[in-house]
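When you get a sec, could you build the whole thing from the sequences and use the hints?
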Amino acid sequence: DAGVIQSPRHEVTEMGQEVTLRCKPISGHNSLFWYRQTMMRGLELLIYFNNNVPIDDSGMPEDRFSAKMPNASFSTLKIQPSEPRDSAVYFCASSIGASSYEQYFGPGTRLTVT
Amino acid sequence: GQQVMQIPQYQHVQEGEDFTTYCNSSTTLSNIQWYKQRPGGHPVFLIQLVKSGEVKKQKRLTFQFGEAKKNSSLHITATQTTDVGTYFCAGIMEYGNKLVFGAGTILRVKS
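These protein sequence lines are chains A and B, in that order. The first sequence maps to residues 1 to 114 in my numbering. The second sequence maps to residues 1 to 111 in my numbering.
Incorrect hints may have been included.
Unchecked claim - Derived DSSO-like pairs: lysine-lysine, alpha-carbon spacing no greater than 30 Å straight-line:
hint : chain 1 : residue 1 : chain 2 : residue 2
1    : B       : K98       : B       : K51
2    : B       : K36       : B       : K51
3    : A       : K78       : B       : K36
4    : B       : K98       : A       : K78
5    : B       : K57       : B       : K36
6    : A       : K68       : A       : K78
7    : B       : K36       : B       : K70
8    : B       : K110      : B       : K36
9    : B       : K110      : B       : K59
10   : B       : K59       : B       : K36
11   : B       : K56       : B       : K36
12   : A       : K24       : B       : K36
13   : B       : K70       : B       : K57
14   : A       : K68       : B       : K98
15   : B       : K110      : B       : K57
16   : A       : K68       : B       : K36
17   : A       : K24       : B       : K98
18   : B       : K56       : B       : K70
Keep in mind that the hints were calculated from the coordinates and are not lab data.
This is how it looks when you write it as structure tokens:
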């Protein structure tokens, strides 16, 4: 099994640019989660989807962040415009059910905004 | 907001010593999960506890869920260098719908 796949693994961009992070969950999993990890704030849940529908987006920092899940095998997290404080590692995770099931994390995307 | 507190923040032990990290919530949890993240890696699921007072073991690791379902602990017996990493607890509040992660405990092991 390929596990959760994320791309790109590293992204360096300038402030003001649009950034798109991509995630392919494990086949058969119907829940998908986007997390952000920083030293200061730890691991934060940004948004999660169940059966491609956003269930809880209360963790999305502000309107500059948006996430979509057009089908069961693909999700994107977009930041527009990006700011230096968005620099972090962004993880995507999937599970066979809702939050009460174990989550499988992808390798993460390390984003640096200069 | 809903929080899961985890202590200590950091622990440095000699190989062979024991290690324990503690997790506390101000509200009752419906379940609690534990994850391990190696340096430069991603969180990996270790275990889930659901029942009050539950104790589970995985080789040298012992996980406990408190009787009131508000606290949990992970104990590692005789640490090895392969145990290094950050250990996170994550809980779902009793009437909540999402996993809330603790800040994690960073474990370093001196050989």
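Consistency of the hints with the structure:
The straight-line distance between the Cα atoms of K98 of chain B and K51 of chain B is roughly 18 Å, inside the 30 Å bound, and the hint therefore holds. Simply put, K36 of chain B and K51 of chain B have alpha-carbon atoms about 21 Å apart, close enough for the 30 Å limit, and the pair holds. Only pairs whose Cα atoms come within 30 Å are accepted, and K78 of chain A paired with K36 of chain B is accepted, the gap being roughly 27 Å. Proximity of K98 of chain B to K78 of chain A is assessed by CA-CA distance (about 22 Å); at most 30 Å being required, the pair is judged to hold.
At roughly 15 Å between alpha-carbon atoms, K57 of chain B and K36 of chain B fall within 30 Å of each other, so this suggested pair holds. At roughly 9 Å between alpha-carbon atoms, K68 of chain A and K78 of chain A fall within 30 Å of each other, so this suggested pair holds. Between K36 of chain B and K70 of chain B the CA atoms are separated by roughly 21 Å; this keeps the pair inside 30 Å, and the hint holds. Of the pairs offered as hints, the one joining K110 of chain B and K36 of chain B holds, with about 18 Å between alpha carbons and a cut-off of 30 Å not exceeded.
Of the pairs offered as hints, the one joining K110 of chain B and K59 of chain B holds, with about 21 Å between alpha carbons and a cut-off of 30 Å not exceeded. Note on K59 of chain B and K36 of chain B: the hinted pairing holds, with a Cα-Cα distance of about 15 Å set against a maximum of 30 Å. Among the hinted pairs, K56 of chain B with K36 of chain B is consistent with the structure: their alpha-carbon atoms are about 16 Å apart, no more than 30 Å. Using a Cα cut-off of 30 Å, the hinted pair K24 of chain A and K36 of chain B holds, with the two alpha carbons roughly 22 Å apart.
About 20 Å separates the Cα atoms of K70 of chain B and K57 of chain B, which keeps this hinted pair within 30 Å; it holds. Taken as a hint, the K68 of chain A and K98 of chain B pair is honoured in the structure, with Cα atoms around 18 Å apart against an allowance of 30 Å. Between K110 of chain B and K57 of chain B, the direct Cα distance comes to roughly 24 Å. Compliance with the 30 Å bound is thereby established for this hinted pair. Annotation: proposed proximity of K68 of chain A to K36 of chain B holds, straight-line Cα distance about 28 Å (limit 30 Å).
At roughly 21 Å between alpha-carbon atoms, K24 of chain A and K98 of chain B fall within 30 Å of each other, so this suggested pair holds. Of the pairs offered as hints, the one joining K56 of chain B and K70 of chain B holds, with about 17 Å between alpha carbons and a cut-off of 30 Å not exceeded.
Violated hints: none; the structure is consistent with every hint.
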